[in-house]
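Q: Model the full structure from these sequences, guided by the hints.
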Amino acid sequence: MVYYYSVVVVLGICMILFLGLLIQRKREETKHRKEMELISAQRRLEDSREKLNNLRKLLYEVENQLSSNKHYFNTKKEELVQMAKELQVVTDERDSIQKTIDAGTTSAKEMNLLNKRLELNHEKLADMSGKAHELQEEVNQLGEKAKQNEEEIGKLQHAIAQAESELEYNRELVKIKERMIKT
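When we follow this note's numbering, the leftmost residue of the sequence shown carries the number 6, and every step to the right adds one.
Note that these hints are calculated values from the structure, not bench results.
Accuracy of the hints is not assured; some may be wrong.
Computed Cβ-Cβ distance ranges for the label pairs, DEER-style [said to hold, decoys possible]:
1) Ile28 with Ala166: 46 to 54 Å
2) Thr111 with Glu142: 38 to 46 Å
3) Asn58 with Leu26: 46 to 54 Å
4) Asn145 with Glu177: 47 to 55 Å
5) Glu157 with Glu83: 36 to 44 Å
Backbone N, C-alpha and C fix where the C-beta goes; we use that ideal spot for every residue, glycine too.
A: If you want it as structure tokens, here you go:
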């Protein structure tokens with residue numbers, strides 16, 4: 006009978022040791038799973054940081070582009086204003102020549118010179134009008150580019166706000182996972 010009790014005690018001890026090993030293994034697996042979750046959360050955190058930095062870099066580039074476009078836009082606009090003033094001077098000169106011709110109080114030689122001046126004036130006016138039109142197109146294109154840059158900046162600022170929110174979420178997630186490992 007003692008023999009049976011000894012066998013039962015030994016089997017009981019073996020069972021307790023086996024259960025202890027199972028519990029220890031389960032704890033190790035749980036700890037390993039938590040560590041893997043922490044590593045995954047840390048990767049997501051690092052990806053969020055990288056994404057945020059890339060968005061900020063892109064925003065910086067677009068803001069510089071916008072600044073450059075606005076400067077170039079203002080420069081071209083000023084050129085256009087100067088061109089308009091020059092056109093006005095040429096137009097006034099043409100009108101003056103035309104009045105003199107219409108008055109008819111000049112000699113034939115002077116009339117011939119005035120007609121040649123008027124013809125040159127018309128050519129100059131046509132040339133300046135063409136240049137003014139090209140300049141106006143440039144100003145319009147630069148204005149459109151500036152508007153597109155401003156829209157892109159708005160989108161990037163929104164994306165940055167989302168990325169910052171995601172980064173904060175991932176920071177909190179890493180903190181939670183670190184606490185879980187410690188417990």
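Q: All the hints need checking, so say for each whether the structure fits it.
A: Hints versus structure:
| no. | hint | result |
| --- | --- | --- |
| 1 | Ile28 with Ala166: 46 to 54 Å | 47 Å, holds |
| 2 | Thr111 with Glu142: 38 to 46 Å | 41 Å, holds |
| 3 | Asn58 with Leu26: 46 to 54 Å | 47 Å, holds |
| 4 | Asn145 with Glu177: 47 to 55 Å | 49 Å, holds |
| 5 | Glu157 with Glu83: 36 to 44 Å | 26 Å, violated |
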